[in-house]
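Novice: Top line first, the protein sequences correspond to chains A and B. Using my numbering, you'd call the opening residue of the first sequence number 16 and step up by one each time. Using my numbering, you'd call the opening residue of the second sequence number 16 and step up by one each time.
Incorrect hints may have been included.
The list treats identical chains as one, so a pair stands whether inside a single copy or across any two.
[Claimed, not checked] Each computed BS3-like pair below joins lysine-lysine, with the alpha-carbon atoms no more than 30 angstroms apart: (1) Lys492 with Lys332; (2) Lys270 with Lys406; (3) Lys492 with Lys408; (4) Lys312 with Lys406; (5) Lys312 with Lys492; (6) Lys30 with Lys312; (7) Lys195 with Lys30; (8) Lys332 with Lys195; (9) Lys406 with Lys492; (10) Lys30 with Lys388; (11) Lys312 with Lys195; (12) Lys30 with Lys408; (13) Lys195 with Lys388; (14) Lys408 with Lys195; (15) Lys30 with Lys492; (16) Lys195 with Lys406.
Keep in mind that the hints were calculated from the coordinates and are not lab data.
Protein chains: 2
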Amino acid sequence: MTVQDTHTSAIGWHKGYVEGSRPDLRVPVRRVHLTNGDDVTLYDTSGPYTDPGVETDVRRGLAPLRENWIVARGDTEEYAGRPARPEDDGLKHTSPRGGLRNLDAVFPGRPRQPRRGRDGRQVTQLAYARRGEITPEMEYVAIRENVAPETVREEIAAGRAVLPANVNHPEIEPMIIGKKFLVKVNANIGNSAVTSSIEEEVDKMTWATRWGADTVMDLSTGRNIHTTREWVLRNSPVPIGTVPLYQALEKVDGKAEELTWQIYRDTVVEQAEQGVDYMTVHAGVLLRYVPLTARRKTGIVSRGGSIMAAWCLAHHKESFLYEHFEELCSILASYDVTYSLGDGLRPGSIADANDEAQFAELRTLGELNTIAKRHGVQTMIEGPGHVPMHKIKENIDLQQEVCEEAPFYTLGPLTTDVAPAYDHITSGIGAAMIAWWGTAMLCYVTPKEHLGLPDRDDVKTGVITYKIAAHAADLAKGHPGAQEWDDALSDARFEFRWEDQFNLAMDPDTARAFHDETLPAEPAKTAHFCSMCGPKFCSMKISQDIRRRHGGDLDTAEIDTEEIDAAGIEEGMAEKSREFAAAGNRVYLPLAE
Amino acid sequence: MTVQDTHTSAIGWHKGYVEGSRPDLRVPVRRVHLTNGDDVTLYDTSGPYTDPGVETDVRRGLAPLRENWIVARGDTEEYAGRPARPEDDGLKHTSPRGGLRNLDAVFPGRPRQPRRGRDGRQVTQLAYARRGEITPEMEYVAIRENVAPETVREEIAAGRAVLPANVNHPEIEPMIIGKKFLVKVNANIGNSAVTSSIEEEVDKMTWATRWGADTVMDLSTGRNIHTTREWVLRNSPVPIGTVPLYQALEKVDGKAEELTWQIYRDTVVEQAEQGVDYMTVHAGVLLRYVPLTARRKTGIVSRGGSIMAAWCLAHHKESFLYEHFEELCSILASYDVTYSLGDGLRPGSIADANDEAQFAELRTLGELNTIAKRHGVQTMIEGPGHVPMHKIKENIDLQQEVCEEAPFYTLGPLTTDVAPAYDHITSGIGAAMIAWWGTAMLCYVTPKEHLGLPDRDDVKTGVITYKIAAHAADLAKGHPGAQEWDDALSDARFEFRWEDQFNLAMDPDTARAFHDETLPAEPAKTAHFCSMCGPKFCSMKISQDIRRRHGGDLDTAEIDTEEIDAAGIEEGMAEKSREFAAAGNRVYLPLAE
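Bound-form chain A, shown alone (with noise of 0.2 angstroms):
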């Protein structure tokens, strides 16, 4: 198995770290390195993997990065755990290929034992914050986000913000997801029945995180979901979601009405004891929810969402997850899984947003938020979906209100159903919006929504498009610091330091490649004009000239509405304009001057 291009070329920027109040705390940022000397620090998702210095290898996982802090806490020991099963990879315990799996793919990393709360112990973030605790994980987001260790410790105790973190995914870097923070945005990868194999999801998640990528869902449905997840969350630098629904599902064989809390405690706990650092659980579709969605035009479009309600009107009673939700808590409070609390009535059409189905099912997250919070999980809430934009605002104000400000972690929304093919686009009109009136994170939308699985390349536009949306929505809110990298990008455009436009690109490559098609050549990366208006006609050149020419006498104080209103300044006017010719009536100075 083998993972590409995530090692980037050191060329104009490289991986720095930021070193906390102990040695083991080191915070990656991507430095970027200017021509005009100066040094940008952006945020970094990318792991280890773009750390020339770091030897990384899929087969081996990724350091243990938070082992020591998880265990010098004391509050956790290790355990048996669950014997694999067959099932757990989708398999009949008949299968012809016998033994417990697919012994070729299996994780073939060091041996671990999964952990849990001692005693029952909460073990969350959560906890830790309630009593006043500044944990590593805290500091570590703090000097991320360039906020006080005691802003991420509040937060995360008012339950506006979580920093998911599994005891058993020591891999991870901590990041955190809140609205007072950085505006993070999430991958979904996963292999269906239909196609993709474990390798390629491998290589999607240090894609997407490459890209930015904060946090990654597994989403995968077929064969191999528990070896897949092992992969992935050994190499994962990001935490990792899942529905835990999903493999429940396989494991009776796709019949929604077979599902039991029994096998989906025990699928949970088999996530859990891997390392799954946040689940989406769609405890909110009640039975008496399920006719709210009868007249709606696309019905339920959540799979979670579709699969309780199946479940539901077969038993005709109310959903397992809803009935056993306290229990569940527990369990998640001992791993320190975070809730993502599932909208499986989200609005799939324009024609349904905002509908009773939707709100009545955001009114129970809110309930169930509040239950969630009293077993110290940590909880976000998901959001939909498709909604045009005049009815966006109300969908995160009424999730603020209801869900005591928890974290909202919206798909999209999507604001119109036309255009298959473009639905990141569609959605990332919304997400930015969304973002901007405080959604906390956005899952992101690929070109393929609707028509099929995401490649690469389309793993790579979802993510591109949704980093856009986030730091629109940074900017808009006024996130400390957000603009810099703006300002630093626009400076160098204005002094056609075009390397370092490329290399202050969210796309460093694609911009590059953009610039080459047209002017290739090497001296054009320093020309002062590019190929769209060609060198008489570019703006920023003019201005520059302009700015060169007339340096400090440019200011309003020459040049208002009196002097030239006024006639007796006309010859004012005239003795300028001859200093000009005199001065050889250029307006274009060569750019040494």
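Model the placement of chain B on the given structure of chain A, informed by the hints.
Specialist: Relative to the frame of chain A, chain B by itself:
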């Protein structure tokens, strides 16, 4: 010269026409034929090229659709016109190639004489609207927009909408730009000194309109400007806009200080005689505003703005465009050329958004708008630029206030500077928002913005991104009928009518190709799932099955909180469950049922 791919296969949709009050008033529409027997009618900008019943030949040009309407009004006359000169195409008088211009490229179509208002009359749609006349052009757009002709007349008369239609461009299919109508999209094309040919530009124009461009601006700056424009105009079914200043500057070899009102005026007449429908005029860049840009991060980024600023400073005189604005109005009024008052001082970076320079110019554009209206000239106002999301609304609000609700025509705005190569997306976000808030036309931005000249693929990506922004805004504004398109596509999606989804998509080709990448077989086009989730996990399928299974039973009356809470009802639930088992225990009933 050939034009590729503008003809579209007739599978799934065809070009139709809606006839007005006279036989020569036939409004084109795109009729999508659904597999369920329904038809969906969409707005169509693609011109005769997509009508298999019309033979088109770019060497002859399009038929002069409006000629009889113009002649019948009896207020215009043909005249000899301004003789073509070598410098119109950027050639020296002493050009070694000799002759008037590059004869190989001369447009070979039917001979024509220019036309203008008789005795200095105002022959504008604004003038007609004001005196209560509903022209065939107004009726045409009323049918296109599905509104009453009187609404069109009123909006034009009030200056809240423009119908750009030079009397010398009879080939166009009339369209309207105003906040009460569908949001429009402009695509820029144009060669530069560095790259691109006439043939490419004509091809880009037809290609852009094929994907939905409502107007096209020819921003050529290199050689053959006059000839390129002739080819574009004679073959364009949509209004063509230009920036006459670019050509004027070519005539003085790129020396801004050598520009004169006479050269500019002559260029405007040259272009008006050819049939340019709207012209960007940067008459708001006043001498006293130039110093306001001195402390900007990116100075002046409008080409026209920087040229005028250089001229003003070189002469220390007020802009000749501002000084001669009334004369310019009378010229434009005699051809019905619409003003697009240019925002020469628009911000080119997030840092410069909404600054004093920008808003000072906007207020001047407001004054000029009033003057233009007095002369009967249709007028729209150009807007920025680079603006973070939280500063966008102020732009449209101020523009509407100081320009008496004249149509706003904005470039984006780009909501961040950090993603060159993705500026169609950074700006698509801002475009959707500002259009929702009242912008009437959006100037597209392609992925090549800031990097190079757009090629064919970039033009398509830019147009589709902006059609998405425009349609998202139409939805958010509650434009009558806008949601029908979304509803039709979402119905097709829910009912697994894949071919209908593709045919209704903004880009059927790409949607189909993406689907086929993972599920290429023909049966997959009728499959009740897609490759994203596979058959077991398809929420649409489960949701549809639920609806089928429960049919009319599925309403809120049947299952409500009371029912579930009341213990006595439990047996009723168990009964429902037994019924379900008796019916075969299948949630997923065959779809034939």
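Novice: Evaluate each hint against the coordinates.
Specialist: Going down the list of hints, with the structure as the test:
no.: 1; hint: Lys492 with Lys332; verdict: neither (44 angstroms within a copy, 42 angstroms between copies)
no.: 2; hint: Lys270 with Lys406; verdict: neither (36 angstroms within a copy, 51 angstroms between copies)
no.: 3; hint: Lys492 with Lys408; verdict: both (15 angstroms within a copy, 15 angstroms between copies)
no.: 4; hint: Lys312 with Lys406; verdict: within (17 angstroms within a copy, 36 angstroms between copies)
no.: 5; hint: Lys312 with Lys492; verdict: between (35 angstroms within a copy, 21 angstroms between copies)
no.: 6; hint: Lys30 with Lys312; verdict: between (49 angstroms within a copy, 28 angstroms between copies)
no.: 7; hint: Lys195 with Lys30; verdict: within (26 angstroms within a copy, 52 angstroms between copies)
no.: 8; hint: Lys332 with Lys195; verdict: neither (40 angstroms within a copy, 50 angstroms between copies)
no.: 9; hint: Lys406 with Lys492; verdict: both (20 angstroms within a copy, 11 angstroms between copies)
no.: 10; hint: Lys30 with Lys388; verdict: neither (37 angstroms within a copy, 59 angstroms between copies)
no.: 11; hint: Lys312 with Lys195; verdict: between (36 angstroms within a copy, 28 angstroms between copies)
no.: 12; hint: Lys30 with Lys408; verdict: neither (38 angstroms within a copy, 39 angstroms between copies)
no.: 13; hint: Lys195 with Lys388; verdict: within (19 angstroms within a copy, 49 angstroms between copies)
no.: 14; hint: Lys408 with Lys195; verdict: both (18 angstroms within a copy, 23 angstroms between copies)
no.: 15; hint: Lys30 with Lys492; verdict: within (28 angstroms within a copy, 46 angstroms between copies)
no.: 16; hint: Lys195 with Lys406; verdict: both (23 angstroms within a copy, 20 angstroms between copies)
Checked against the numbered hints above, the structure breaks hints 1, 2, 8, 10, 12 and satisfies the rest.
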